[in-house]
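Starting from the known structure of chain P, arrange chain W on it as the hints suggest.
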Amino acid sequence: MPKVILIDDEPLARSIVREYLAAFPELEVVAECNDGFEGVKAIQQHQPDLLFLDIQMPRINGFEMLELLTNPPLVIFTTAFDEFAMKAFETHAIDYLLKPFSPERFARAIEKWKAAAQSTDSGTTAALLETASQSPQQRHRVVVRTGQKIRIIPVADIHYFEAADDFVKLHTADGVFLKNRTLTYFENLLDKGQFARCHRSYLINIQQITRIDHHEKDSYVAVLISGAVISVSRTGYVRLKEVLGL
Amino acid sequence: MPTDLQTNSKYRYYFTGWWICWAAVHFYVVQSYGIHLRIALVDSLISNALLAGACLLIINNMRYYLPRKERYGYLLALSLVLSLLWIVLARFILWALHPGAQDYRILLAESTTLRFGLAFLMTGCVSAMSLLWFTLREQKQADEQKADLEKMAKEAELFKLRQQLQPHFLFNSLNSINALIGSSPTEARRMVHQLSDFLRGTLKKEEHQWVTLKEELEYLALYLEIEQVRFGNRLRTSIGCTPETQNIRIPALLLQPVLENAIKFGLYDTTEEALITLHAQQIANHLEITVSNPYDPATSRALKGTGFGLNAVQRRLFLLFGRKDLLNTTAGETIFKTILTIPIYAESDPH
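Listed in order, the protein sequences are those of chains P and W.
What the first sequence shows, in the numbering used here, is residues 1 to 246, in sequence order.
What the second sequence shows, in the numbering used here, is residues 1 to 351, in sequence order.
There may be inaccurate statements among the hints.
Stated by the list, open to error - Derived list of chain P stretches under chain W, where covered just means 3 residues or more per stretch with a C-beta under 8 Å from a C-beta of chain W: (1) 4 to 15; (2) 210 to 218.
Claimed, not checked - Chain W side only, calculated, beta carbon under 10 Å to chain P, not exhaustive: (3) 174; (4) 236; (5) 282; (6) 285.
Just so you know, these hints were derived from the structure itself, not from any lab.
C-beta: ideal position from N, C-alpha, C; glycine also.
Same shape as in the complex, but just chain P (with noise of 0.2 Å):
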């Protein structure tokens, strides 16, 4: 039987999406959570079919929920109103609810999310996260899974990003975190007057940099606060001097 998780932080709301899943017997509700903290627990332990979620929640996003999960489920999310991730998921999503929605419309989310369900194209969470990523709350931090706990990271606290494989590396006054994400994401994603990719491998925040050292012919490394010593290639070095108006 497939499983279904309820995510949004007010009861009523959810509470009308069981309503309407009761002329769905063949789905099962396994978990109902207040916001995303929960979510991510009752994802990690049920391995659910089918997400009911909420954007606008307490701490992280739905956005931001999904983004921590190493295999998202399929999500129809429910939201009232919010433009960025409307952009998202016209292009994207198997479906979203607008509240408040009929019992007709709910069905046919759910028909869309069966047609979904059989075909095993698991792209379309990680296109959709990509562009709904560009709201103006995810452009100002970054939220991290170590384990079983969640860190929201302000952008400004992140000294610089580096490139590992299919990661990126946070590396911030409290340590190094992982994101899977790519450098270049970031890097289009977060303000150029603030990050600079110096390096193929780094993006730096240049409100970090102490100083700029010549280091061989043709290469010079970035000094931070912290004492971190990051390379700077050739154009990186172009590209620095031109965001710090040198």
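Leaving out everything else, chain W in the frame of chain P:
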């Protein structure tokens, strides 16, 4: 206020008065050369009537065509041409009118240059004055137009700021009602009424911009009740004011966005129960309203400035009072405070 000579009788009297005086002087000077009084009078009247006509011509010309800086030579040429025309015409008429008065004809011939000089001076002055006059008027009109435009823009902006009721709130409330219809119809009905009252309050207050603090707090209570239904036990609120502040008048719908912002931050910044408080008190001739909500300093910092709510309130306060220091925020360990300072006016509204 400067207006056209022809439309403002005050200025028409000045103009006429001036010419009568000038004509009297003219008459006096001419007769003092021993010219017959009748001849001197005719001379003065004809000369000055014609000259006044020339001046009116200049003023009218200036009303419809105001030369720009680089075309001031036009004024000089206009005065010169009119003065020349005038002297030729006046001299011809006066000469023809008095064929027998030899001494007058001599005087007329001798004074031609002087007359021309005076006429040129007069027309030149009138040109310069009307140029100044109409330029000022044009500028004033432009200024008024600009002020009107600014006022309209300001009103439109104020209207827009008041209208910024979050669609989130409305849609989520409707969603709650939708859920309640199935589980508890009585509650659903109650919420429909609360929401209607709240929305009606939003619309009604558009007309009269200022309300008493008591009214505004009642309106907020309505808003909070709706939010309470949405968020259930997670949201706790406490609003109040000191008794003497109840009848102080404040801009309508000013507090709701502040409270909305506090709820949003309070509820979205923590996963626990959130207590939102609002308290109003009078401090000297200001009303101080403090709204507090729990927050997490570690994560909120990243969100600062993205909240539309407070910017709109700040902007509205500036448009209303012309001050930028009326909205302040303080961030403590776990409590975030928004403090509004509203100048208290006497009974009448400030506008």
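These are the hints, each one checked on the structure:
1. 4 to 15: Holds, because 6 residues of the region 4 to 15 of chain P bring their Cβ atoms closer than 8 Å to Cβ atoms of chain W.
2. 210 to 218: The restraint on the region 210 to 218 of chain P is violated, since only 0 of its residues have a Cβ under 8 Å from chain W and three are required.
3. 174: This interface hint holds because 5 Å falls under the 10 Å limit.
4. 236: violated (15 Å)
5. 282: violated (36 Å)
6. 285: violated (39 Å)
Against the hints set out earlier in the document, violations occur for numbers 2, 4, 5 and 6.
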